[in-house]
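Respectively, the protein sequence lines represent chains A and B. Heads up, the first sequence is in our numbering, so the first residue is 8 and it goes up one at a time. Heads up, the second sequence is in our numbering, so the first residue is 148 and it goes up one at a time.
These are computed hints drawn from the structure, not numbers from a lab. Note that this is a predicted model, so its numbers are computed, not measured. Just so you know, nobody snuck in bad clues.
No more than 25 Å apart at the CA atoms, straight line, and that leaves these computed lysine-lysine pairs for PhoX-like:
#1 Lys83(A) with Lys585(B)
#2 Lys538(B) with Lys584(B)
#3 Lys368(A) with Lys538(B)
#4 Lys369(A) with Lys481(B)
#5 Lys482(B) with Lys373(A)
#6 Lys482(B) with Lys369(A)
#7 Lys278(A) with Lys348(A)
#8 Lys185(A) with Lys479(A)
#9 Lys584(B) with Lys83(A)
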Amino acid sequence: MSAGNQYLLELKGIEKRFPGVHALQSVDFELRSGECVALLGENGAGKSTLIKVMGGAHQADSGLVSVQGVLQSWEKPTDSLDAGVAIIYQEFNLVPGLTAAENVFLGIEPSDFGWVRKSEEKEKVREVFNRIGAEINPGALCDSLTVAEKQLVEIAKALVRDAQILVMDEPSAALTKKEVEQLYLLIDELKLRGIGVVYVSHRLEEIERVADRAIVMRDGARVGELGREELDRAKIIEMMVGRKLENEFPKEVRTPGAVRLRAKNLNRGQKVRNVSLEVRAGEILALTGLVGAGRTETVRLLFGADRADTGEVELDGRTLQLGSPSDAIEAGICLLTEDRKDQGLVLGQSIKENFGLPNLKKFSRKGWVNRSLEGQSFGEYIKKLQIKVSGQSQLASQLSGGNQQKVVLAKWLERNAEILIFDEPTRGIDVGAKFEIYQWMNQLAKAGKGIIMISSELPEVLGMSDRILVMKEGQLMGELVNGPEVTQEVLMSLAIGEHAACL
Amino acid sequence: MKWIKTIFSSDYGMLGVLVILCLFFSWITLEEQQPEGVDAAEVLALSVDQAFELPGRVLIAGRKTDSGEAFTNRLDELLRQRGWEVTGIVQGGPPELGKGLRSSFDLNESLDLLACEKTFVKLAVLQNFQKAEVKMAEVLVMAPESSFWPNFLKASNLLNVANQIAVIAILAIGMTLIVITAGIDLSVGSLIAVSAVLATWVIREWFGGDEATVAGMIAGCGFAILICSALGLFSGSMVAYFGVPPFVATLGMMMVGSGLAYMLSGGLSIYQLPQSFDWLGRGDDLGGIPNAVVLMVVLYLLAHTLMSRTTLGRYIYAVGGNPEAARLSGVPVKKILLGVYASCGALAGLGGVIMASQFKSGDPKYGLMYELYVIAAVVVGGTSLSGGRGKVFGTLIGAFIIAVIQNGMNLTGVQSYTQKVVLGMVLLAAVLLDMLKKRGWKLSL
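Using the sequences and the hints, build the whole thing.
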């Protein structure tokens, strides 16, 4: 570790305050040329804010940012790009109606007096795509690309702008295993070329594979640094959470009771084909498979969010008419959606109003909302679920993923539903909140509720469920009672459909 | 600059703008006010009280006009109450005044006070008397004192402002609800025409025109409002069930409505209405406040309560903020949309009835371009066009900002063409402020 000016990117004593939040507290960060540094921390630990400071989207209240030893003062995001820092956010900044090549050169098109030299553009794009091993037709519309391809376009965009520093926010979140593997190779390659990579992720096993060093943040401060040889799951979690976590999954031994929810021969187009399933009282049923296997589509039928072409749903022996979600809610079924931002919460409203939305009948008389009753009830949940909020009128959009999920959970707990469907309940949620959500699932099962959990994370499936259904292309591929003989490999082979099995 | 931000950041930030506008127009229309008629008499009676400890003998003089007569009569009454002896009442110009004074002095009686209108004070007749007649020197001449008061702030003008904006403000309630659900309704202007024509047509054709009874008039107006509500419901179903963009669905309805109004009326005004038909539009039963304004205030109070205190209000906000999340929480999204569009139609129908009552006729040209003023009121009032946010009272403030600007410019003699330019700029400024507010007061250029 020699003089500071050797660093490719260096942040020193970064402070950032938002109204009511001290988001960054004197954070230091340094990145060398040809190095991949993982940035770790729970949601709300300040990672996103730090990235935004690196990208010039936020200005630090105080502190220094320097690139290759030169002090920077950025006022807008393009300033940082000019200095060689490219940020690839989770939500890509691509124009869907333009081609891959046009997106790569957007704003820096090779042109004569406004006329784009199209052939040169294509040539250059092809060259960059080759360099990063992307097999993408430069003329393809961005709309038609897969997530992984879009990510490559973003990387190409950074490279044609001569970026020396690449910051990737949760790059693997929507990629398949194979695509993630390719991403690792690409990162290795970029490192060889002297590019520094900042890798933000929740998936700890990825960090072990890809990072040379990890910087851990908690509550807006940097709490530590781990070298390559120290990168160890338990240690990382301990640092992130600030306490020891003996077991990631608090699995309990249960004996499921009578069948509560039974679905027979559900069909909807090609997405759901002839699915029958049952959930027992006090049972956690996992529904797994690859993304796009029809799991979410299946539970949407159970919840009345979509209408089934054929098939019927029974709750406690009573056939349900599910015309809309309100029918399902009335019957006692609730769905915690995978996508909290688009489907679970009204982001522009306060968390209290979100909490009240499905429960207004309870909190109102003849259409008049009793706001104090509502607030009182929500206050109890804030305590019970340990939701971190500044107040009940805080906007839902201002909470971290874990706390948003807790608000969603609170609104359904108040409904006292009999069947709870969790769709990817821990996606985008930090380790600590994950554990609490698992505990709540256990507690609900203990109370005799039926629980369906959709998950792509196989350790989670194995760690939490009593019974596992595997889906592929809209069909059930197999049903397994969870036990020591059920392994990730077994589930995987079912999910890719090597053989249909019933153990 | 911080306090400016704080004001605009609050929900009713535009209230500050309204207050500033009112102050501005008050200052610019500040003028010497000459009291007239009964008012003048009351003012003068008070000054007389101050000038004299004991009552005496008085001659009253006023012009031979309606207000002059009102002045003399009232003053006569007031001074007699206070124990004054009224020696005579003069009505007319200089000759009459001269005669009046002469007869007082000829009778050789003393006179303590000449109470007259302002115009009499400087008359040559009076000055000649003061020079020629010794007794006249003992006579105090008093006229009602003028005062400084802005034309804008006169009670009659303020009521006028409220009355003029009542129809637009009532329509804007429905528009606010629709905009909160992330929609828009372009058809409200032509629904005004439909309603005005339909209500008057029904009264003429079914209930005997100018001989119609109160029940007949209520039935005609109710029918018109019902039909407008149904037309709104139709637009709403296009939006809710077929996913037609609100802009397009209501654009179609705007043309349909306008055409229907012309078809029904044959392009002519319908004026065969009973005298009492103007009760809603021109009457003022509650302490001089126009009935339309009273109705407007009541409707705003109802709408505010609906949006802030009831489940329905919560649902409307939720549908605008995130329809999918609302649906998955069990909110009947489609029914809410239908209800909102239907009530906007009904309110437009009510606006049409008020207009028909104001003009005592139904005409297919009513309400032309009103949708634009209504949308302007909603936007100036701070309701976000992207849905999910907005306040009903904000819209009322927005409507009043528009009304005050128009009225203020009328008072100061600004041409109507210039007025349009100013109103347009105000609208743009309001949207700009909204944007700045959303971005946390940063210009991103």
